[in-house]
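Respectively, the protein sequence lines represent chains Y and S. Counting from 1, one number per residue, gives the positions in the first sequence under the working numbering. Counting from 1, one number per residue, gives the positions in the second sequence under the working numbering.
Hints were generated in silico from the structure; no laboratory data involved. Check each hint, because a few of them may be wrong.
The calculated lysine-lysine pairs, modelled on DSS-like cross-linking and capped at a C-alpha distance of 30 Å, are [to be verified]:
1. S:Lys3 x Y:Lys292
2. S:Lys32 x S:Lys3
3. Y:Lys292 x Y:Lys358
4. Y:Lys161 x S:Lys3
5. Y:Lys161 x Y:Lys126
6. Y:Lys292 x Y:Lys161
Since we're looking at a predicted model, the values are computed, not measured.
Chain by chain, the residues:
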Amino acid sequence: MDFVSGLRCRECGRTYPAEALHVCDFCFGPLEVTYDYERVAATISRERIESGPRSIWRYADLLPVRDAAPVDLGAGFTPLVRADRLAAELGLGELWIKDDTANPTGSFKDRVVSVALTKARQLGFKVAACASTGNLANSVAAHAARAGMDSVVLIPHDLEKAKVTMTSVYGGRVFAVQGSYDDVNRLCAELTSEQPEWAFVNVNVRTYYAEGSKTLAFEVAEQLGWQAPDHVVVPIGSGSQLTKVAKGFAELYTVGLLDEEPSVRVSGAQAAGCSPVATAFAEGTDVIRPVKPDTIAKSLAIGNPADGWYALDTIRRSGGACAAVTDAEVLDGIRLLARTEGIFAETAGGVTIATLAKLAAEGVIRSDERVVAMITGHGLKTVEALADVVGPTATIAPTLDSFAEAMAADAASTLRSSL
Amino acid sequence: MIKVRIPAQLRTLTGGVGEVPMEGATVGEVLKGLDAAHAGFAERIFDADGGLRRFVNVFLDEEDVRFLDGLGTPVTDGQTLSIVPAVAGG
Numbered sequence: 001m002d003f004v005s006g007l008r009c010r011e012c013g014r015t016y017p018a019e020a021l022h023v024c025d026f027c028f029g030p031l032e033v034t035y036d037y038e039r040v041a042a043t044i045s046r047e048r049i050e051s052g053p054r055s056i057w058r059y060a061d062l063l064p065v066r067d068a069a070p071v072d073l074g075a076g077f078t079p080l081v082r083a084d085r086l087a088a089e090l091g092l093g094e095l096w097i098k099d100d101t102a103n104p105t106g107s108f109k110d111r112v113v114s115v116a117l118t119k120a121r122q123l124g125f126k127v128a129a130c131a132s133t134g135n136l137a138n139s140v141a142a143h144a145a146r147a148g149m150d151s152v153v154l155i156p157h158d159l160e161k162a163k164v165t166m167t168s169v170y171g172g173r174v175f176a177v178q179g180s181y182d183d184v185n186r187l188c189a190e191l192t193s194e195q196p197e198w199a200f201v202n203v204n205v206r207t208y209y210a211e212g213s214k215t216l217a218f219e220v221a222e223q224l225g226w227q228a229p230d231h232v233v234v235p236i237g238s239g240s241q242l243t244k245v246a247k248g249f250a251e252l253y254t255v256g257l258l259d260e261e262p263s264v265r266v267s268g269a270q271a272a273g274c275s276p277v278a279t280a281f282a283e284g285t286d287v288i289r290p291v292k293p294d295t296i297a298k299s300l301a302i303g304n305p306a307d308g309w310y311a312l313d314t315i316r317r318s319g320g321a322c323a324a325v326t327d328a329e330v331l332d333g334i335r336l337l338a339r340t341e342g343i344f345a346e347t348a349g350g351v352t353i354a355t356l357a358k359l360a361a362e363g364v365i366r367s368d369e370r371v372v373a374m375i376t377g378h379g380l381k382t383v384e385a386l387a388d389v390v391g392p393t394a395t396i397a398p399t400l401d402s403f404a405e406a407m408a409a410d411a412a413s414t415l416r417s418s419l
Numbered sequence: 001m002i003k004v005r006i007p008a009q010l011r012t013l014t015g016g017v018g019e020v021p022m023e024g025a026t027v028g029e030v031l032k033g034l035d036a037a038h039a040g041f042a043e044r045i046f047d048a049d050g051g052l053r054r055f056v057n058v059f060l061d062e063e064d065v066r067f068l069d070g071l072g073t074p075v076t077d078g079q080t081l082s083i084v085p086a087v088a089g090g
C-alpha cells in the first residue's frame, strides 16, 4: 500500500481521488499528490531506506505509487560528487555536484518516468506517451520497452540527433513535430482529450510523474549524512523539478528523517534565450510572460512553463535567486565542469554551472554555504553544441616526428594563451 | 463561423461534445458566446477580473492568444479557437 491520501488542487483546494487526473476540473489548477504523513512517519526510517534498493525506489514510502515490480531501469541513487576544484575556481567553499548524467538513459527524467509508468500501469494504461524536448523522449521510450508497453513520443523536429536516435531505437512511435516544444506540448494537451486511454506522462499522469523529482532531494540529503544543504541550484524548464526538490527536503523533515528543519535556498538557472522565470524574478513581478525560445539549451526551451509561477514562488520564499546565462556562457559552463571535475553535462548542465558561477560572482551564493548543483543530463546528448569549441589538439601522421612537432606547437600555443 | 475546441475537463458543459461552432468578432466575444450557449464556461475559464485564468491557455489556430491581443484578438471565419489546460509538459 502506498500512503497517498488523494489529489488536491494547488489553486482552489478542491480534492480528487488518486486517479489519472492532472488539472482541477473547476479552475484548471495543477493537482498535487497528498500523503498521510503520520502513517509515513510511523513506517519510514533511515535504516529502512538504507536497506532498500539502490534506486529511487528506496524512497517508495514518499512516492505516489508502490509496486512489488516497478517499471524500473535503475533510475536514481546517482553520485553526489564533492567538487573542490570547481569550487576553488568559483570562489566557493563546500560544493557538490549531483551527477544525474549517471541515470539509465542519461538524465533525471528516468526518475519521473519510472514513477509515472509504474502508476500508469496500475491505472490500466497500455500506451506510454509524452511531449518532450528529448530527455523525456529517451526515457519514456526506454521504460515503455522495459515494461512491454507501446509508446508514442512527440518531439520538436529540430532536436539534437542523439536524442532522436536514443528515442527511436527502442521501437516505439516517434513523431517529429514541425514546431517548437510549446507547440508539441499544446498538441499533446489536446491529444489527451482525444486519446484518454494513453498515459501522457507529463500531461494526464503529470501529477504522479512530477513527484519523482523529489528523489533528487531525498538522495542529496541521505548522501550528505541525512542533512540538507544550504543552497541548491536547479535548472528550470517547466519549473516542476525545482518545486519538487524543495518539497522533497521539506517532506524529509515532516516525516522525521532530518533532525533540523531544513532551510534550503533554492536558486533557478535558465538560458537567456528562454528565461521567463528569471525575467519575472528580475522584474519583481508575479506574472510569467511566455516567450519564444531561442537557445542551444533545448531541454530547457519551454517558453510557457507550466510550473513557472510555483518555481518563482519557491525561489523567493526560500531566499534564493534566479538568473539567466547566454549560450556562450553555457558552453563555458560545460567545459568548466568537464575540465575541473571530469563530468560531461548536456547544455542544461552548462546552464546550471554558468548560473552557479554567475550567482557566486555576485555573492548571492556564498562561500560559507554548502551548495549542491543539479547536473541533470549527459553531454553525449548534445555534442553538436560543442562542435565549434572543442576538438582534437592536432591531427597528425602516425610518426614520432609528427607527434613531436604537434606537441611543440601545442606547448607554444598554450604558453602564448597563458601570457 | 469559428470552431471552438473544448478540452475533456469542460465537455460536461457541452454534453460531451469536443467541438462547438460559434460566432463573434474577438476571442473574448466567442468565449462569452460559448458561456451564453453552454452555461458555466465563464466561471471556469475567466478569473475574477474577467481575464483568462492563469492555468487556461487559449490558442487561435496555432498561436497562444497571449502572444496576440489576448481576449481582444480579432477572429475571422474559418479559424479555430482551442481551450487547453496550461498545466502540461516539462
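_Unmet hints by their number, sorted upward, for this structure_ = Checked against the structure, the only hint that fails is number 4, while the rest are satisfied.
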